[in-house]
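Undergrad: Here are the chains, one letter per residue:
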Amino acid sequence: MIINNVKSKLSNQMQFFRRKTFSHGVHPPGHKDDTNIKSIRRMAFAPKMIVPLAQHFGAPAAPIVYAGQNVVRGEPIAKANGFMSVPHHAPATGTIDSIELMSTARGPKTESIILKVTPGASQNVLYGIPHNIDDLTQEEIINAIQDTGVIGLGGAGFPSHAKLTVPKEHKVDTVLVNGCECEPYLTNDHRIMLERIDELITGIRIVLKALGAEQAIIGIEDNKLDAVKAIQEKLPPQGPISIKVLKTKYPQGAEKMLIKSVLNREVPSGNYPSSVGVGVYNVGTLSQLGTLLPQRQGLIERVVTITGPGVKKPGNYMIALGTPLRFVMKQVGYTGSVRHLILGGPMMGTSVASLDVPITKTVSAVLVLTKEEEAEQVPEKIYPCIKCGACVKACPVHLNPTQLVLLASKRRYEDMQEKFHLNDCFECGCCSYVCPAGIPLVQYFRIAKAINREKNLS
Amino acid sequence: MTTVELRTSPHIRKAPSVADIMRNVVYALLPICMFAVYQFGISALALIIVVTGSCVATEHFFCWMADKPTAIGDYSAVITGLLLALTLPPGFPLWMGVIAGFIGIGLGKTLFGGIGYNVLNPALIGRAFVQAAFPATITTWTPAFAPGRFTEFIPSTLTLPFLKPPSTEEWSAQAVDGFTGATPLALQKFEGITTDTTSLFTGMITSGSIGETSAFLIIICGLYLVVRKMMEWRLPVAMLSGAFITGGILFMINPVKYPDPIFILFSGGLMLGAIFMASDMVASPVTPKGIWVYGLLMGFLTVIIRTFGGLPEGVMYAILLGNAASPLIEAATQPKIYGAKK
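Chains S and H supply the protein sequences, listed in that same order.
Counting from 1, position 372 in the first sequence corresponds to residue 372 in our numbering; the numbering is continuous, with no gaps.
Offset between the second sequence (1-based) and our numbering: plus 1000.
Chain S on its own, in the form it takes in the complex (with noise of 0.2 Å):
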């Protein structure tokens, strides 16, 4: 008895020295401590909303709101166009300006509606009904997450509710709840799970319970071990919800690198998580779950890390979905010679081009960066590849990277997949971080995707 006491005693505290990871992946240095020891601060509403149809992946809404309509905060603006679809909910009170081609972060001008907000509008939700999630079936949950407009706020922008319905041939036993939070800089999913733990954890029962899993495991990188405690204070000794301390790592949150070393289970490629048994959401996404669900309310505002060396007031922020980007960076303000802005984190974000895009369900951060910076980043030159396998030894994936960008070069497109497994590649840019030559890997990779996918198509 004693003997079997000090054994699980050991081996929780084993859990923290023996900390599981996958195998290659970088380690990129962190500059998370601006931004982990803030608070999420709501930011004030902007004059004007831009809110995109698409958003999300898969069919953009359909809007059923009128130009001069007036609307609530939380009221639906925009109805799913079909399953791969959610809607989306007015983020302010105001009035439906118009609706029209905008430009957002994604590229190609995209139809948004303009909604112009009421000054002096209140931030609390008044939409909404609220009901008990106990009573409810898990066909009624997956269209109740369908109505909440919840997607995938890790970035990935897949709708919750598809993620949910899992073919009839696999059944999910185990939900991974991602806390990793791998890219620098991004501290969102960490405050998240500092404050927010009750929405969390009722966010992690309605996902259990809509796939009739038996277990949920948080994943949570070994840099935010005071998130790692306040959440075992909270949670039930011999509940269905444990946490696992994972190795600091980039791409540790990649989905199917979370589903290898936490559960040692590979994900076939091409096939999804729900083919091994497992479903993976982000904190940040339960979060939102376990706070709009009971509520019966829809997704209008997110938490957004806001940070790098060109702001002055870095934070995390709760934001009003819409909100446009010129706005966002008045309220927090420049400093140094601003050089380069970044939605989402430094290793998969993406450069924004103009100031006038809306922060749209998945942008997950801001990130500034100055000229200083910037000049140690980029390569002074380009050289040819000397084949020093620092790729290959960085590819989470265990692609050959090296042979890939080869082929690119010689426009070997279908070789790259046919020969060399191009579709696995997840774009994480490892391996144009570790590249001596400065070779641009992974944008080589995106084009030959692109060009193959044309070609398919045609």
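Keep in mind that the hints were calculated from the coordinates and are not lab data.
Hints may contain errors.
To be verified - Where chain S lies over chain H, by a calculated footprint (3+ residues, C-beta under 8 Å): (1) 1112–1125; (2) 1286–1299; (3) 1324–1338.
What the hints assert, rightly or not - Listed next, the in silico EDC-like pairs over lysine to aspartate or glutamate satisfying Cα-Cα at most 20 Å (straight line): (4) Lys1014(H) <-> Glu374(S); (5) Lys1014(H) <-> Glu427(S); (6) Lys1336(H) <-> Asp424(S); (7) Lys1336(H) <-> Glu418(S); (8) Lys1336(H) <-> Asp134(S); (9) Lys1336(H) <-> Glu427(S).
Said to hold, decoys possible - Derived contacts from chain S toward chain H, CB cut-off under 7 Å, selection only: (10) Glu266; (11) Ser269; (12) Tyr383; (13) Cys385; (14) His421; (15) Asp424; (16) Tyr433.
By construction, the Cβ of each residue, glycine as well, lies at the ideal position given by its N, Cα and C atoms.
Chain S is fixed; fit chain H onto it per the hints.
TA: Same frame as chain S, but now just chain H:
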């Protein structure tokens, strides 16, 4: 805010560039060069400077011919020059050194497209050329630690271009009593005399090419690169293991005829070759399994050539053969990807 830059992710990267790596390899080679000068005097110094100069000048010349920006800033030509010089005998005529450097860079590197494209190790191409062109001169050894080595050149060093170098036998015999002019490998192969491992390890007694005498120093310099994460440690380890295993098997078959594997490890150019030449990134495979296969193959070939070939030394040809086999090895050892279908 004036200009905003648009770039694709990732927006950050790790520090060392190709030039950084190459510069550090030069740093790692400098102690070996200094020991060579200490051991063989100003002849070695002149040889190192001339061969390196020849390599850098050749690189610059071909870049200029091709209307390309000069590539000497990446230090790779310096490495080729230093490595090439280190594999030559101390009394090697300087004019032949110039030719070795020119051929190494010109034929071994520029012809293939410069840095990153060479199929074979340029330094060894240069050496292989002079080995074929001047077989007698390249196997003429002069003693280490000759008195007066810092004030006078070895007679053959300053041979005028395109002339046959004078014999150094008399000079060697005068400088060091009883000098036979044979390297430890030749002694072992042709006369059955095994030099003791300690002197091979420290390089304090033996003769040979100017950079290959001290295994200890080469290992230390290699470790510097491994610690800086600028060298694949598996490669030299694989090559040395290959040589050790092959040598061990032969030794077990006939301990009288074949040298013991420890001797094999520390004699000749194996240490220098394994640590600084086989590990040349460009000509070696990138796949983790391929690196082991490649290293073991080169170690195996080294011992086979040394034992059964006509020459006492086999490292150069072993590495060149390994280089040539590298694309094949790489193709056969592609990594198994995450979630590969069985």
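Undergrad: So, for every hint listed, does it hold in this structure?
TA: Here is how each hint holds up against the structure:
1. Here's how the segment 1112–1125 of chain H fares: 5 of its residues keep a CB closer than 8 Å to some CB of chain S, so the rule of at least three is met and the hint holds.
2. Chain S is given as covering the segment 1286–1299 of chain H, and this holds because 4 residues of the stretch bring a CB closer than 8 Å to a CB of that chain, at least three being needed.
3. Restraint check on the segment 1324–1338 of chain H versus chain S: 6 residues with Cβ-Cβ distances below 8 Å, three needed, restraint holds.
4. A hinted pair counts as satisfied when its Cα atoms are at most 20 Å apart, and Lys1014(H) with Glu374(S) qualifies at roughly 12 Å.
5. Between Lys1014(H) and Glu427(S), the direct Cα distance comes to roughly 17 Å. Compliance with the 20 Å bound is thereby established for this hinted pair.
6. Proximity of Lys1336(H) to Asp424(S) is assessed by CA-CA distance (about 12 Å); at most 20 Å being required, the pair is judged to hold.
7. Using a Cα cut-off of 20 Å, the hinted pair Lys1336(H) and Glu418(S) holds, with the two alpha carbons roughly 14 Å apart.
8. Between Lys1336(H) and Asp134(S), the direct Cα distance comes to roughly 45 Å. Violation of the 20 Å bound is thereby established for this hinted pair.
9. This hinted pair checks out: Lys1336(H) and Glu427(S) have alpha carbons roughly 18 Å apart, not beyond 20 Å.
10. A distance limit of 7 Å between C-beta atoms decides the matter here; for Glu266(S) the minimum to chain H is near 5 Å, and the interface restraint holds.
11. Of the supplied interface hints, the one on Ser269(S) holds, with its beta-carbon coming within about 4 Å of a beta-carbon of chain H, less than 7 Å.
12. The beta carbon of Tyr383(S) is positioned within 7 Å of a beta carbon in chain H (closest approach about 4 Å), and the interface hint is therefore held.
13. Taking 7 Å as the C-beta cut-off, the interface hint given for Cys385(S) holds, the closest approach to chain H being about 5 Å.
14. Taken as an interface hint, His421(S) checks out: its beta carbon lies about 5 Å from the nearest beta carbon of chain H, inside 7 Å.
15. Given the 7 Å rule on beta carbons, the hint for Asp424(S) holds: about 6 Å separates it from the nearest Cβ of chain H.
16. A distance limit of 7 Å between C-beta atoms decides the matter here; for Tyr433(S) the minimum to chain H is near 5 Å, and the interface restraint holds.
In this structure, only the earlier hint numbered 8 is contradicted, and the remaining ones agree with it.
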